[in-house]
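So the sequences go chain by chain: A and B.
Its first residue numbered 1, the first sequence is counted upward by one per residue in the working numbering.
Its first residue numbered 1001, the second sequence is counted upward by one per residue in the working numbering.
Please keep in mind that the hints were generated in silico from the structure rather than gathered at the bench.
Just so you know, not all the hints are guaranteed correct.
Cβ-Cβ distance ranges computed for the label pairs, FRET-style [said to hold, decoys possible]:
1) N1241(B) <-> P405(A): 25 to 33 Å
2) K308(A) <-> A1062(B): 50 to 58 Å
3) N1241(B) <-> E218(A): 53 to 61 Å
4) D382(A) <-> A1246(B): 26 to 34 Å
5) P1215(B) <-> S235(A): 54 to 62 Å
6) E82(A) <-> N1241(B): 53 to 61 Å
None of these values were measured; they are calculated from a predicted model.
C-beta atoms are modelled at their ideal positions from N, C-alpha and C, and glycine is treated no differently.
Read off the chains here:
There are 2 protein chains.
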Amino acid sequence: MRLSRSFIPTLKETPAEAQIASHRLMLRAGLVRQVASGIYAWLPAGLRVLDNIATLVREEQAAAGAQEMLMPTLQSADLWRESGRYDAYGPEMLRIRDRHERDLLYAPTNEELITDLARQTIKSYRELPQMLYQIQWKFRDEVRPRFGVMRGREFFMKDGYSFDRDYESAVASYRRMMLSYMRTFQRMGVRAIPMLADTGPIGGELSHEFIVLAPTGESQVFYDSTLEELDYLKSDFSYENHEDLAAFHGLINSYYAATEEKHDEARWEAVPAANRRSGRGIEVGQIFYFGTKYSDKMNFRVAGHDGKTITPEMGSYGIGVSRLVGAIIEASHDEAGIIWPAAVAPFRAAILNLRVGDAGCDRVCEDIYAKFGGAALLDDRDERAGGKFADADLMGHPWQIIVGPRGVAAGTVELKNRATGTREEVSVESALSRVL
Amino acid sequence: MRLSRSFIPTLKETPAEAQIASHRLMLRAGLVRQVASGIYAWLPAGLRVLDNIATLVREEQAAAGAQEMLMPTLQSADLWRESGRYDAYGPEMLRIRDRHERDLLYAPTNEELITDLARQTIKSYRELPQMLYQIQWKFRDEVRPRFGVMRGREFFMKDGYSFDRDYESAVASYRRMMLSYMRTFQRMGVRAIPMLADTGPIGGELSHEFIVLAPTGESQVFYDSTLEELDYLKSDFSYENHEDLAAFHGLINSYYAATEEKHDEARWEAVPAANRRSGRGIEVGQIFYFGTKYSDKMNFRVAGHDGKTITPEMGSYGIGVSRLVGAIIEASHDEAGIIWPAAVAPFRAAILNLRVGDAGCDRVCEDIYAKFGGAALLDDRDERAGGKFADADLMGHPWQIIVGPRGVAAGTVELKNRATGTREEVSVESALSRVL
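Produce the entire structure from the sequences given, and follow the hints as far as they go.
Encoded structure:
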């Protein structure tokens, strides 16, 4: 993308309403704009981050055998009356009445709808297990929206649901999603720590939260640092094998990790002192096993292998896709701006043309830009070098390729790594081979 | 995808509520399920079609220089009060009140919101032109939703908006989108005819509708068949060149095409008799040039080159993404089911294992399936051949690769082309090279 023609409105001033770094930086870097309280428009650079995160989620969901589908944002209140949650859910649920005076709601989660679809479709234990997910906009009418996309009202979320024939298979589904989540977060370049959690309004017996460490997090957390160092991508745990999944779950459970509500001083004291980490954390995902809670209430039964009916066991699995954009920034920024992990960065590199209109600089920039095929942002604005440096740091591209007249004469460009701050004079070829 | 493990619930019976072919076939082929009046869940196979259509739209929008962004589904009523449309829009607008008694609405279109974002951001004529678009869910509270996704309430739509410094540039943007749309529809495998149209509630001076011919269409249309035969992909009209765009627009205008409301008998009589086509049509897109209608009302001004302020000229550009799924089926089906154009088909091919459990059939099927890397559907259900043939025809895969014990012994498979119905005995290699 050429910055001179792009809709990426960076701001020099810090917006007064933004209290935390990610909110400030998302506004200043031109990623989002608020259009109503807790409701945001995603501008082109912001959408690229959201898409990158969603793509990683999709790839890992597919690898774990989950099928993508898409549920509507609005649904009938009747299903939620069946489960009893229409009345139980607080004023966070946005209730809507249509022109025929029928009650609708903007779904904050979809246990009822997916159970309804499953009971229409799945008639036999032979059609189980099923693992379905979507990435869709949801709404929670927060009383006091704040922190930008971290606690907005309209938010983008992956929600998945498993249906299994028995407890053993359901727990395997739960563990499969846990493994998938650890791989997903690691690929995004953030370290999320899995922690045993309360089940809250979804209910159920077993739940884990996935927490990214950041000073502005909403909860205090305590964990063994080994959990940050496990390599979930290289580990040999198979998604298919129940024993593998049990071993993986056991490994996770063997290291201490808890939020404040679940903190156990005795177990914490048993963690080697060098491994103890505590700090604030942001929840970016949560998974639940809740057995037959919804299938029972909504009368979802299938034929079992012995002719008797069985009630499928369920779990649900959430990742806060739009929230992750904020959480990643909270975990990865400095005074100058965002430091994007490469896997989610809106652009792999910025090409900074320090002398727009100079034939040599223009030619070198265009040559480099063409090589990236859309993955780089070309700063071709007629602006001073200082402004370009500041904007590139603010936007947080992993690499900056800086093209000035002196370098062009010498056949070199300057290559800056945003995370380390190192700058080197290198040939164009060498810059490209490093970055591409 | 393996059909035995998939959430693709095909139906043998025709659902009573479905009045038209696309609605019947989308339910029977397991693409969607209705979850409330005019509100649908997209099951895995349906979502693949929706995604394929959206991908083609994105590719052609990018080629035409449009930038993707994403606006929220809900917005404040205040912006629509500024334009005067909050009161002018009928009961089709879904009006919502949040917990703080603030008026929200579920956007049916986004001229106000995009104008608000543009006026916050664009301050000088030098930042124009800008072309922005999104693909997002919208809501229109139809009094009588029907015809499945063709006239649903929650629908998926691409809406784009252009901002230009003057009339000439604005008309060039309009023409660029017109060319982009013709290419997009042609790539999808449907023939959409561009027709001069009324501007309706969006307003403005110039508008074209894009109409797919189908017996169940909502309007009667009349056009010169040359418009069906122009090759918009091979034509040399550049997106960049204003003269090229004017020539393209002139070419389109030189052939007669009108809906009933705009029909002109005298001009129709002048069309060579062999070229006259009339029939029912389904609108799948519409574009508008409306000048300063919104920028003026919402006080969007930028600095001009001479120091005076100018009011940007605008246009808006819609494609009904979810509606297209229905429209394509209306235009391309037979008694047995859907006939997907290859570019939008959920699966390029179905592999039909006629003897599941037979070592030879299983091995040949798995080998072929692996070659497709997810682009084929493997019918590995333990069912009779007749049911598999019927489901494959119903689902409308462009190709069927039929694997039975006799063929396996002879080293061949049967290859069926869904559109032509031809069946041939060919080697596995030859089947793969034809289909992949």
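Confirm or reject the claim that P1215(B) and S235(A) have a C-beta distance inside 54 to 62 Å.
About 57 Å separates the Cβ atoms of P1215(B) and S235(A), which means 54 to 62 Å holds.
Has the hinted range 53 to 61 Å been met by the Cβ atoms of N1241(B) and E218(A)?
holds, 54 Å
Is it true that D382(A) and A1246(B) lie within 26 to 34 Å of each other by Cβ?
holds, 30 Å
Can the suggested window of 53 to 61 Å be confirmed for the beta-carbon pair E82(A) and N1241(B)?
With Cβ atoms ~60 Å apart, the hint holds.
Satisfaction of the hinted span 50 to 58 Å by the C-beta atoms belonging to K308(A) and A1062(B):
For A1062(B) against K308(A), whose Cβ atoms are near 56 Å apart, the range 50 to 58 Å holds.
C-beta pair N1241(B), P405(A): status relative to the range 25 to 33 Å that was hinted
holds, 32 Å
In this structure, every one of the numbered hints holds.
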